[in-house]
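2 protein chains.
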Amino acid sequence: MALSWPMADALPPVVLVSNRGPLTFSRDDDGGLVAIRGGGGLVSSLGPVVRKVGATWIAAAMTDEDREAAAGGVVDAEGFKVHTLAVDPHSYRMAYDVVSNATLWFLHHGLFDLSRRPRLDRRWAEAWAAYRDVNHAFARAVIDQAEEGAVVLVQDYHLALVGTWLAQERPDLRAVHFTHIPFCQPDLLRVLPTGVAEELLGGMSSHAACGFHAERWADNFAACCSEVLGWVPTTFVAPIAPDVAGMEELAQSDECVREAEKLEQLLDGRQLILRVDRIELSKNILRGFLAFDDLLRTRPEWRGRVVFVAMVYPSRESLPEYLAYRQEVEVLARLLNGQWATPGWQPIVLDTSDNFVRSVAALMRYDVLLVNPVRDGLNLVAKEGAILNRNDGVLALSREAGAWDELGGTALEVNPFDVAGTSDALSTALAMAPAERAIHAAALRKAAEARVPRDWLDDQLALAATAPPPGSRRPPPA
Amino acid sequence: MALSWPMADALPPVVLVSNRGPLTFSRDDDGGLVAIRGGGGLVSSLGPVVRKVGATWIAAAMTDEDREAAAGGVVDAEGFKVHTLAVDPHSYRMAYDVVSNATLWFLHHGLFDLSRRPRLDRRWAEAWAAYRDVNHAFARAVIDQAEEGAVVLVQDYHLALVGTWLAQERPDLRAVHFTHIPFCQPDLLRVLPTGVAEELLGGMSSHAACGFHAERWADNFAACCSEVLGWVPTTFVAPIAPDVAGMEELAQSDECVREAEKLEQLLDGRQLILRVDRIELSKNILRGFLAFDDLLRTRPEWRGRVVFVAMVYPSRESLPEYLAYRQEVEVLARLLNGQWATPGWQPIVLDTSDNFVRSVAALMRYDVLLVNPVRDGLNLVAKEGAILNRNDGVLALSREAGAWDELGGTALEVNPFDVAGTSDALSTALAMAPAERAIHAAALRKAAEARVPRDWLDDQLALAATAPPPGSRRPPPA
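So the sequence lines, in the order shown, correspond to chains A and B. Numbering-wise (the numbering used here), the first sequence opens with residue 1 and increments by one. Numbering-wise (the numbering used here), the second sequence opens with residue 1001 and increments by one.
These are computed hints drawn from the structure, not numbers from a lab. Incorrect hints may have been included.
[Claimed, not checked] Restraint-style ranges between C-beta atoms, simulated for each label pair: (1) A:E317 to B:E1301: 38 to 44 angstroms; (2) B:E1215 to A:G195: 37 to 43 angstroms; (3) B:G1195 to A:G246: 40 to 46 angstroms; (4) B:S1315 to A:G338: 34 to 40 angstroms; (5) B:E1198 to A:G338: 36 to 42 angstroms; (6) A:D219 to B:L1011: 42 to 48 angstroms.
By construction, the Cβ of each residue, glycine as well, lies at the ideal position given by its N, Cα and C atoms.
Only chain A is shown next, with the shape it has when bound in the complex (with noise of 0.2 angstroms):
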């Protein structure tokens, strides 16, 4: 899409709002306080375009020293204009952990066990009350401090409610909602208390739009308004691009120089199979392994030839969930590589490390890269490994990523639940000749080039431009 905004070069000022901001403050020797940028997907993917157009950042304090910054106001740093937002800790905890990451996550994820959870208990309802309250400390914030007439971007299903006091009290606004994760389908969103449900669809509605990573999670959502709301509001898709400059620019370091090494001793002339994922129930990193364990069972012919480099890392330890399943990864890898390994041949390598530049290392040299989580809003590894990789590797992609609208034409499909048809996809990467594997590669990189991080901006900025102002959009009542 177009930037159409009235003129190019005088964009609108712009607030961008998430959970996470792009720095995180510490103290220095002299205990003054010092700001560092972050990490996170969502940071390292807006981090460089937000900073080029000079937005300003409103974020949660996560610390004791980001809200001692907090308390200091904006804070000009590392290209960046951030405003920490000092939260309640124990609304944040119950907001954060129980409703964003323990509900939403796993719901929209389709990662509940039904039969047993969610319990929607009065904590649940407390929780709830929570995440109002957090959502509107942030409308806050962007109430008392966007410029007259901003495009406010708000971000992701932590801050779906933001939308509902902008509409109220700055109309002059216009708030764009953008979901980073899937949106489920209305039967799943039925485990929801009905008040709920209206509240959260509703307050996501009362943004100018709201946009997802894939047709299929922007069509979810509408079904649901339709179902619980009776309406459905405007939405868009636009898929983000990985910021690929900086990981170029990486792979030039003598450090990435090194690890690509060390690799390459690893592999001594095998193939590499490579998977780079937080240690996350989505990812479906078990049935990664029983595919792999599949393949050597029914395809003698790959044992000792193939190396399956899982560098996946931990991740929301907090939840007893995320601890359970890194114990079964663990365990899974273990027993398989005492199952298939033979003298000099580690079928599994598990790497923890979470060691960006060994990643970088990685994805340039895999021969088959596997993505196949269980349902995914987009997943950056798939688009950053198309572009990153020197070595002609075929992608193994999951249907259930929304990567698939976009890399679906060129990638391998892998059914995530279907071990037996993931390891038939790995071994036809594998086996695929060199001519073959060069045009799938071209063709891929092209896919995952075809746009760039600004779009995903522009896209925004153009709605934003072009949307009705708020509470013109939805229909009266019957």
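Please arrange chain B on chain A, whose structure you already have, making use of the hints.
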């Protein structure tokens, strides 16, 4: 729907096809085979209706004695003409255990813990082939035996593919498929391998029409067909009605009177919250107890004044998920009794004895009937309770049960995932004034009696009479 067969008293021949039949065979003292009436929800509801129209019933042999009887051809006993079909036992177990119960049941009820289950491996692919074989064997029996122009009523998810071969080899027959469980939305159907989903939906769609107990399930099936097949077959909604005549008769029996007296002694003037269910993951027994726990915690006035009788009987214990669930149910009941019991008052009475007479006595007596499944095709207990109850009892009904379509206007709404909300519904029900209870119970009974068992059969005969012949409905490929 009125019966629109040209001459209502000149029915066409009817063949009913189901996994479980109305007869089971055993040996008498002389070693001869004797037929006795079998159990199961489907058989007890459809049996009386089918008997009256003189239908032939084709069902699988479950035991060695059944298989022996199968060799003898059609058996005429207990008012049924039954053809017992001997299927290869290994194929039958694979089809029944792995595909029907451990995959399709879980899928349509939304019970999969998707980060771990299902694992569609090579064994699963073999089980799917066995499922196809078993369906083919049923189709073969129909093809060989059905009279010219017969109406064939194919029952449930075990036998989704039967119509495939009927349409090819016996275009004179009118086959209708009926699903007694829910049907999932397209995102969940994507769990199945693409070829399997196509075969499953294509098989169901090769019947003249596909029926369900509720509008939601028919809509979901249509949405799946639209996405996977690109066209939508004829669907219809025909909720079954309980055969209460037999239960009303039983209610007069001495045994039932004795059970009623024992129940009154147990209650000793207290109110009765009742549930009657298989121990089944979809029935949501755990959250029912947790809601009762919340009730006692937040509304101390009910302590000592109400007993929760859970008549829940073991089921499918060949699947480890069911054994685990039963254990959780028993542990939680014990835990909560340990928490709340006082001398002379046991808050939860867990009765796993599967005593049908006792459950009839309890259904006549309840103050509150809790029916809170996470998802249920219909739920006959809700309708049976509404009709049998003589105590102006209140129904607290899950909005995820198919019966919600018929009873939702008069029952108290339960979101099965909302423990706090379920507790609120129990509290409302227990505190309801006698006059309000009487109005509620009368309206509920009226809604539950709106359909009689024969309606279900007539709906299908009408559809079979008016549906276009097989093969004529499918649009030509674009």
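For each hint, the structure was consulted:
no. : hint                                  : in the structure
1   : A:E317 to B:E1301: 38 to 44 angstroms : holds, 42 angstroms
2   : B:E1215 to A:G195: 37 to 43 angstroms : violated, 24 angstroms
3   : B:G1195 to A:G246: 40 to 46 angstroms : holds, 42 angstroms
4   : B:S1315 to A:G338: 34 to 40 angstroms : holds, 37 angstroms
5   : B:E1198 to A:G338: 36 to 42 angstroms : holds, 39 angstroms
6   : A:D219 to B:L1011: 42 to 48 angstroms : holds, 45 angstroms
Hint violations for this structure: number 2 only, all remaining hints satisfied.
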